[in-house]
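Given the coordinates of chain E, work out where chain X should sit on it, guided by the hints.
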Amino acid sequence: MASLTTTSQSLKKITPFLIFGLIILILAGAIIYRLTNKPKAPLPVAINPPEITQNPSQQQPRSFDFSNIQIPDSPKKLPVYAVKPYNMTEATTTTLAFSLGFSGNPSSVKGNTLDGEQYSWNMNNLTLTVSQTNLEYHNNEYRNRTLSTVDGLPLDQLREKVDSFIQKVGLLGESLTLRKTEYQVISGLYRLPVENFEDVQIIEFSFGKQLSNVPLVNNYPDSGFARVRITKDGEVTYLTSRFFDKFSESGSYDLKTAKEAISEIQKGQGKVVQTQVLDEKGIPSNIYEHPENIENAKIEKVSLAYFLPNDIKDSVQPIFVFEGSFKTNKNEGGKVVIYLPAIKQAK
Amino acid sequence: MSKGEVGSRMASQDQDIKKAAGAAKGAVDTAQTVKTAVKTVKLATTAAKAGAGPAGWLMLAAQFAPQISQLANRLKKIAAGIGAYLLYLLLKLALKIAGLIAGLAFGAVTGLPLLAIPVAGPFLYAGWTAYWGYRGWVNPLGTIHLATHPWEIITKPLAQGWSWGKGAFNTVTGGPIEVGGGIFSAGAGLVSAVGNTIAAAATAIWNFGTGLAGSAFGGLASGLNFVVGGLTTAAIPAGMVMIPVVGGISVITYLGLQNEINTLSSVFTPKEDQVIAPSQTGDNIFFTISKKVSDGHLQNSELPATITFTISLTAKEENLSQISMRDELRVQGQEDTFEITNIGGVPILETCDPAVPSNLAAGLTWNCKIELDVPDNENYRDSTIRNTITVAGAPGDQPREEDTAFVTVAIGETPTDCPSGWPTDHGVIWQGPMGATSHAKESADGWPAIDIAQPLGTPTYATFTGRVFSVVNDKDGWGFGAHVIIEADCNGTRFQAMWAHLKLNSIDPAIKEGAEIKFHDLIGEIDDTGDSEGNHLHYALNGIKMEEPYIPQNPKTANCNDNVSCDVSW
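Chains E and X, in that order, give the protein sequences. Quick note on our numbering: the first sequence kicks off at 1 and runs consecutively. Quick note on our numbering: the second sequence kicks off at 1 and runs consecutively.
Chain E on its own, in the form it takes in the complex:
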């Protein structure tokens, strides 16, 4: 009894210290837990895949060959961007038109087009159409004369002229990079591609844009973000571009691995966005791209890109771009491009 009493008294004595020590331990544990376990970022909102358009008549290739594919390192996550357009009013478009040589009010204003309010100017051979995210400029003066292929400026000077013209349109920003230069001659109502600069009447420069160092593409791989045409004697005849106020990040998403993407392509889940028949020199043999009956698509390259949707209410999402060559059942060959949404969809 005595020892029990002593024990109980001893316990009584040390109990406050035990409780104190326990509280200290719990608090220390809580501090360590808080410091080591950062609060988890809220899960990004589920996102629909981008609306990539494949020609409805285009079938998936019958087979794929990935034996020579180059797979670069790709990030595990990438942000998605929301697009904010400018508010293009009559006043802002008039200022823009003035910088491109137009004067006065728009010759027509069309509300509620597929790209919102649209303002047009039409002056002699000059036309300008500006909607909320699209701009198109034409100078058709050259159609009144014969374009020479002999006289003209060297390519670098033509490029300088194009750059200075782009700078007049402040909306396009300064982050455009040259992606493609195409030589063309005029034949009737068409511009046909030619191989050499010596034969050229019109040069078309396509410019691209990047987001987080990833190229921005649209549904048409060759079309670029902005395109400018210039005659060989240095007159800018055409400029078309989309333009936006800003891109802002709206959540970061897990990406499929390249392996997963390849597997999906093999299952026919990609969108065939380009099937261009090329001649032996690598020049398109038809100005139009019709659906092709592809026997085999030999994919040589896969890369990441951001897909710019037509409707800017949709987000700008990363996609995989598969590029390669194809053979048809008629033994025609050409270039094929397939897009695949890159964001891993939650199961």
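In short, the hints are calculated from the structure, not lab data. A hint or two may mislead.
Claimed, not checked - Not the full set, but computed from the structure, chain X residues with beta-carbon under 7 Å of chain E: (1) K441; (2) S443; (3) G479.
Glycine included, C-beta positions come from ideal geometry on N, C-alpha and C.
For chain X alone, coordinates are given in the frame of chain E:
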């Protein structure tokens, strides 16, 4: 150790524990503060890296969206707490004000007898009222209760006294009140009755007093209304004003809607006319030729009927000679297509009165009416009748110009799911289906096409009734630019037709994938989007041939282009 010492020591230990807990909480707060500071430094560093542009800042902000969101949540909670506290303060203040008013009112009413005291009366009255006002401010609930139940000043102590007395008596006697009742119950009943009477009298007096005060306040409110312009009274005329205003808006809205409806009607009515009587006139430097019809649309039930076609040929600035004319009357039924060459046994043009001229003086117009009796049989039910006139002529010995005009009559449900007519009101064929510039390859790919050169913005129309297969509103569009494909079945053959190089954003909103499109519905406007140079419509067919009768007139040669004239215009 005494009990007191133990208690004191325990209390001291409690204090120690509390201190330790406080210290630990402080440590957590400090750690959190350090973490936040690190984050802030990181944010500032990245901001500096992001460059000066607003886009950079926005992108930076987006990068820290989760942290910002978390911070925002915390701020929201703090704000909610502050809001709740402010609301509590506000309610407390409102209650105190209510108590103050109740106290003042109670004091003002109950202090009235004080005014009877000479000299000091008003001061006493003011002091009494102020005291109750103060009491109302300090103890609003109690004062409000008292102000609304003043008789309880008497009845409550009375009831309390009775309760105490009853308790004391029961304690002494063992509780006869509960046991016996009797005299004690009668006493209790008497006390209760007296209490109730006093309470009722007090209520009446109080109500009278408060009624007086209420009247006084009512008068005051009226005076206030008078001073500030009679807000309550003004509300009625304001309401009356709102009636015409709201009514006016409603009327305007109604009229606007009515106008919309009228506009829509006017849009649909002529379109219906266009659908039922598509036509084309011919125009060149020497003459114009047109064809009209008395009724462009007949129901099957209206058969048999007589249709009158009118040909008009006008010579322009010079006398027209070498005139030759060819008239074609073609019926396209559900099962068969046939041509009418004679009317009443006479070749069509020979029925004209006056007869077809060989010469026509400058500025004059020759008219011819052709009457066609349409019988009620299976050849004509659900059919189209197209009357085409082709005229050639020139002044003197000059090379002759040839032009065509036509008009179409629809009977019943027309078989317009085969292409018919031109896709534009006017046009010039610039390249035929085998043109070397670009169409030969297209024909080989199964898409024979013609290029129709027309100015920017020229409207294009559906040439048959079908279903929209695809719509691409894009400057590139696989080389076709903005384009539309519509498909249908023509005599059992599935085919598609394409309208390409359309103006961006010009495609009619009704043209959506899967939508049913009627003959001559608007498609979009001509431009040169895609791989085009010069405004034109690339009109292509897939599954059927690009030739008559699917187009009104074949080009002179299929391989015509900018080097070889196609020689077709309308």
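How the hints compare with the structure:
A hinted interface residue such as K441/X counts as satisfied when its beta carbon comes closer than 7 Å to some beta carbon of chain E; here the least separation is about 5 Å, so the hint holds. Annotation: interface hint on S443/X violated; nearest CB of chain E at approximately 11 Å, more than 7 Å. Against a cut-off of 7 Å between C-beta atoms, the interface hint on G479/X holds, since the closest Cβ of chain E lies about 4 Å away.
Going down the numbered hints, you'll see the structure goes against just number 2.
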